[in-house]
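A.B. asks: Residue numbers (this note's numbering), protein chains in the order written: chain L, 1 to 208; chain Y, 1 to 375.
To be clear, the hints were calculated from the coordinates, so they are not data collected in a lab.
Some clues are possibly wrong.
[Stated by the list, open to error] Label-pair restraints from in silico Cβ distances: (1) L/Gly132 - Y/Asp334: 41 to 49 Å; (2) Y/Glu241 - L/Gly131: 23 to 31 Å; (3) L/Gly89 - Y/Ser189: 46 to 54 Å; (4) L/Lys128 - Y/Asp360: 54 to 62 Å; (5) L/Gly131 - Y/Asp146: 28 to 36 Å; (6) Y/Thr346 - L/Gly108: 51 to 59 Å; (7) Y/Pro82 - L/Asp32: 54 to 62 Å.
[Said to hold, decoys possible] Only part of the chain L face toward chain Y is listed, based on derived beta-carbon distances under 8 Å: (8) Lys21; (9) Gly24; (10) Thr206; (11) Leu207; (12) Phe208.
[Stated by the list, open to error] Straight-line Cα separation of at most 30 Å, DSS-like style, residue types lysine-lysine; simulated pairs: (13) L/Lys179 - Y/Lys354; (14) Y/Lys271 - Y/Lys204; (15) L/Lys92 - L/Lys59; (16) L/Lys175 - Y/Lys246; (17) Y/Lys271 - Y/Lys354; (18) Y/Lys204 - Y/Lys354; (19) L/Lys175 - Y/Lys145; (20) L/Lys92 - Y/Lys354; (21) Y/Lys246 - Y/Lys145; (22) Y/Lys354 - Y/Lys246; (23) L/Lys175 - Y/Lys204; (24) Y/Lys204 - Y/Lys145; (25) L/Lys128 - L/Lys36; (26) L/Lys179 - Y/Lys246; (27) Y/Lys246 - Y/Lys204; (28) L/Lys59 - L/Lys128; (29) L/Lys21 - L/Lys36; (30) L/Lys92 - L/Lys179.
Here the structure is a predicted model, which is why all the values come from computation and not from measurement.
Where is the CB? At the ideal position from N, CA and C, for every residue including glycine.
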Amino acid sequence: MDYVGRLTAHLPEAVRLLLVKADGSLSIHADDRAYKPLMWMSPPCTTRFGDEVWTVTNKGGEELVVTVHEILSDVSHDLGSDPGLVKDGVEKQLQELLADQCHVLGEGFTLVQREYFTDIGPVDLLCKDAGGAHVLVEIKRHAEIDSVEQLTRYLQRVSTVLGDVQGVLAAQSFKPQAKVLAADRGITCVLVDYDALRGLESNRPTLF
Amino acid sequence: MELRVERDALADAVVWTARSLPARPPMQVLLGLLLEAGEGGLSVSGFDYEVSSQITVDVTTAESGRVLVPGRLLADIVRSLPAQPVDLRLEGTRVVLTCGAARFTLPTLPVEDYPALPAMPTTAGSLESDVFGAAVAQVALAAGKDDTLPVLTGVRIEIEGEQLTLAATDRYRLAVRTLPWRPEHADLSATALVPARTLADTAKALTSGPEVLLALSTGGAGEGMIGFEGGGRRTTSRLLEGEFPKYRSLLPNESSAIAEVSTAPLVEAAKRVALVAARNAPVRLSFSADGVVLEAGGQDDAQASERLECGWEGEPMSIAFNPQYLLDGLGAVDSDTTTLSFTGPTRPAVLTGKRHQPGDVADYRYLLMPVRLSG
């Protein structure tokens, strides 16, 4: 394998894993490491597959030349469309769980709507408390001062439509500043236990 | 301000007060230590709006005054000074510190912006500092370490006349200590929830004097404050809010089985056996008339077991604990012989010291929740 471009590099003959992706990129892996190929050519690039020589060329005219001695295995798969990496899956699931179990947020709470739409963005939950008054619920994994600001904005916005609304910030953990600011603005903080909501019992029994 | 002070006394004072200085304070002045020289000596104070510490040391004062100096820097300097008297002098806006041939010039912070330290609340009573220090250490270890449930990061102090009760729990174990003390008023009844870390640090530091004065503010909700004073040191701390779990109902009144084990061999055996227990994996204890067998490890992993002599009243029983929590309890019991009382393999066990008479209520109880035995 030879790379000819801004620098010149050579990989000696050996058994390699070659990945040709749908965007035309090629990467050459050894039997170690999780992410960094030995050599690669990023897209956009074009590959000419010869009988023994593959040549990958990019826009800048740099070339990756692969000399194929033997093909041990040749497979191709269509991976379809990528749903994307979901990092806030827990937050989404918390929203679903809390929508089903509103009573966790406050005595006698009932759900009005999930993802209640406002013109500055959707509010996680719109509930009614035991007395029938509206309550906006913002759900976070970790509540920070910004979460309080966000809920405050929603409260201001929604109060022009629904009148008096209460705010509840539900999270698995709270930054102390977030608690102070929330208390200052009359927002209730509710600590939620993700495992308990999912009905998972901890493997570590507690005294109470 | 101008004064001369012994190096060790200054180091002790500065290092202790600097310890509680905030890393990222809301106000720049809180990074400072307040030095006040007067007839009573030199007082050094630090404050972070939660906890205040103040210590007074003997000095030869030539000129009284107040100055605010960067706390951590001063602590680092004083710690490394040679064993010679230290001279401190304010020159304009800078403090000059000389010790032997070493000389430091420090900038000062605006002392007029420094907040007033909270006043010491009303004295509630007193007790020997070493007794208090030991009792706090026994209890504070059971307090929660993370802030998910802030109430559990505190030690509950209950005052009922001449009896002081300390309690802490992280839901996996509960430590309760009762001890006599000398209240100001015989009918005093009060409770407070003090951050466990602050309480443990303070109680340890105050063992330098013979006695500790405990002070509680009787103000309304949210303004709770506790103060400790002894050996020239005083600390105030804001109290935690919230309701402490009703722990008394957790303490079992009866037991179906009782083991009496020599503490030191059990501690050593538990430490040895726990070596093969993976993180959070339990140590199993099987009690019978033949003694106790400690085991850890799994079928496919490393395994360990050890047999110990032990007194046993009851049916043979197996129970499993988190090894660290078990060791914490055995260490805190502070007795040659540990008594373990059980009501069942899934019910909390109570660790106490040597029983003098059956039915005695121990002054220290460590309630430990067992872990489920798998398989």
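A.B. asks: Checking each numbered hint in turn, tell me which of them this model violates, lowest number first.
C.D. replies: Violated hints (numbers, rising): 1, 6, 8, 9, 13, 15, 20, 25, 28; every other hint is consistent with the structure.
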